[in-house]
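S.K.: Spelled out, the chains give:
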Amino acid sequence: MEARRSTTATPEDAELVRATLAGRPDAFGELVERYQRRATSVAYRLLGNLHDALEVCQESFLRAHRKLNALEDPSRFGPWLLRIVTNLSLNFRRSRGPRLSLEDCLLREDESREERVADAPHSEDRPGARLAGRELEERIHAGLAELPPQQRAALVLFSIEQLPQKDVARILDCSVEAVKWHVFQGRRKMKEFLAEHL
Amino acid sequence: MTREAFEELVGAWLAEPEREDLRRRVEAAVRSEPELASELAAWQRCEELLRCGCPVPPEVDWARAKARILAAVEQDAAAGDRALDAALRELPPVDKRVHWPRVHARVMAALTRDAVAASRRRRYTRVVAGAATLLAAAAALFLAVLPGETPGPAADGCVQVRLCAPPPDVGGVAYAHIGGAPPPAAPPERFFVVDPMPKTGPSPEAAGDY
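If you read the protein sequences in the order shown, they are chains A and B.
Just so you know, numbering that gives the first Met the number 0 puts 49 at position 50 of the first sequence, and the rest follows in order with no gaps.
Just so you know, numbering that gives the first Met the number 0 puts 123 at position 124 of the second sequence, and the rest follows in order with no gaps.
None of these hints come from the bench; they were simulated from the model.
Even for Gly, the Cβ is constructed at its ideal location relative to N, Cα and C.
Be careful, since some hints might not be right.
Said to hold, decoys possible - One side of the interface only, derived from the structure: several residues of chain A facing chain B at Cβ under 10 Å:
#1 Arg23
#2 Gly28
#3 Ser40
#4 Tyr43
#5 Arg65
#6 Phe91
#7 Glu136
As the list claims (entries may be wrong) - The calculated label-pair distances, taken between Cβ atoms and stated as ranges, are:
#8 His196/A / Ala27/B: 54 to 62 Å
#9 Glu11/A / Glu73/B: 44 to 52 Å
#10 Pro148/A / Leu83/B: 48 to 56 Å
#11 Glu73/B / Asp72/A: 19 to 27 Å
#12 Glu71/A / Ala76/B: 17 to 25 Å
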C-alpha cells in the first residue's frame, strides 16, 4: 500500500494564510490551486455527483475565506478545509438551496480525453484498475451512499483519500479510535455490497 | 479464529499496514485456517476498489473552476462590505435621537457650576494670602516688642543708645527714632541732659562712651 498522503501543511500554507489575511489577493488563489482537486474529490466521493461536488467545493472555499481569521493554526489549513468540505457534503442533501450552474467548469469531450491522459490518477498496472468501469463506479457510489454519514466520511477520507487517522479524527471531530471503528464498519458493509465484484 | 475476529484483525492491519506484528498475525491466521485466505483477498480487493474504483471524473476544467471560486470569493467579500455600509447607513441620524433643549440646559448648568467653583477658588486664594500676610506681620511685631528682654539690637527705624557708666540718677537706655514708626510698647522714657563741656575739658569722672 502506498504511503499515506498527509494534509499536514508545508510551511507555505501558513504563509499563504497570513498573506491572505494581510490582504494579498493572489495568496488565496494559491491555496485554491493547491486544494481544489482534493476538495472536489472528497465531495465527489461523498455525494456521487460531480456537479454537486463542484458546488460544495466552491462553497467550502467561500466559507474558508470568510472564517480564515478564525483558523487558530494557519499550517492546518488543509485538514480544516476538508472538514468544511465533509460537513457541507454530508449536509448537502438536507439543505438544498439554489443550484449553481457550473457547466462551464466541465471540459468538452475532446478536452477531457487529454485530461484523462495527462491527469490519470490510476495507472493501468494498479491491481483492480481494469475493473473500474462505469458500472463499478456507480456501484461503489451507490454503496457509499448507503452508509451512515460518519462511516461514509471516514471511509472516503481514510481509505480513498488516504489521509492519516489523526487528520481524519480532526476533520470528523472524533477520536482516532472512533475513526478506526467507522472505517472498519464502513469497509465491512462495502465488502458485502461489492461482493460480486470482488 | 472466528470470522468476526479475523475481520477485525484484517481491518486493523489495513488501517496500519506498516505494523509488522499485525501482518504476522494475519499471515499466521491464514496459515492455520486456509479458508481465511479468500476472506483476506476479498478485503484487500475491496480496499483497492475503493481507492481506484471511483476516480474523480477527468472532465473538470480546473483553471476555470479556480477562476469561478476566486470570483465568488471576491463577490462575497464585496457583498459583505456593501451590506455593512448599508447597515451603517440604516442607523438613524444622531440629531433625531437627542433632546437638544435638555442638552443645552445641562451644558449651561455645568458652565455655571464651573464658574462658581472658579470664583470660590480665587476667593480662597486671596483669603489664604491675606491671612498669611497678617500672620507674618504679627510674628514680626511680636518679635519686635517682646517685654522684659535684654535690650537687643534696635528694631527697624530705631537707634539704641546705651550710656556706659552713667551717673546714678540717669537711666541706662534711651531710644532714638530714625524715621519709621515708633515701637508700639515703648519703654518708659527717661531723659538726660548733656551739659556743655567745661572749659577745662572733660573730667575723668564724666568720661565714658557716648
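S.K.: It remains to establish, for every hint, whether it holds in the given structure.
M.R.: Now the hints, each set against the structure:
no.: 1; hint: Arg23; verdict: 13 Å, violated
no.: 2; hint: Gly28; verdict: 5 Å, holds
no.: 3; hint: Ser40; verdict: 5 Å, holds
no.: 4; hint: Tyr43; verdict: 5 Å, holds
no.: 5; hint: Arg65; verdict: 7 Å, holds
no.: 6; hint: Phe91; verdict: 17 Å, violated
no.: 7; hint: Glu136; verdict: 5 Å, holds
no.: 8; hint: His196/A / Ala27/B: 54 to 62 Å; verdict: 29 Å, violated
no.: 9; hint: Glu11/A / Glu73/B: 44 to 52 Å; verdict: 22 Å, violated
no.: 10; hint: Pro148/A / Leu83/B: 48 to 56 Å; verdict: 36 Å, violated
no.: 11; hint: Glu73/B / Asp72/A: 19 to 27 Å; verdict: 26 Å, holds
no.: 12; hint: Glu71/A / Ala76/B: 17 to 25 Å; verdict: 22 Å, holds
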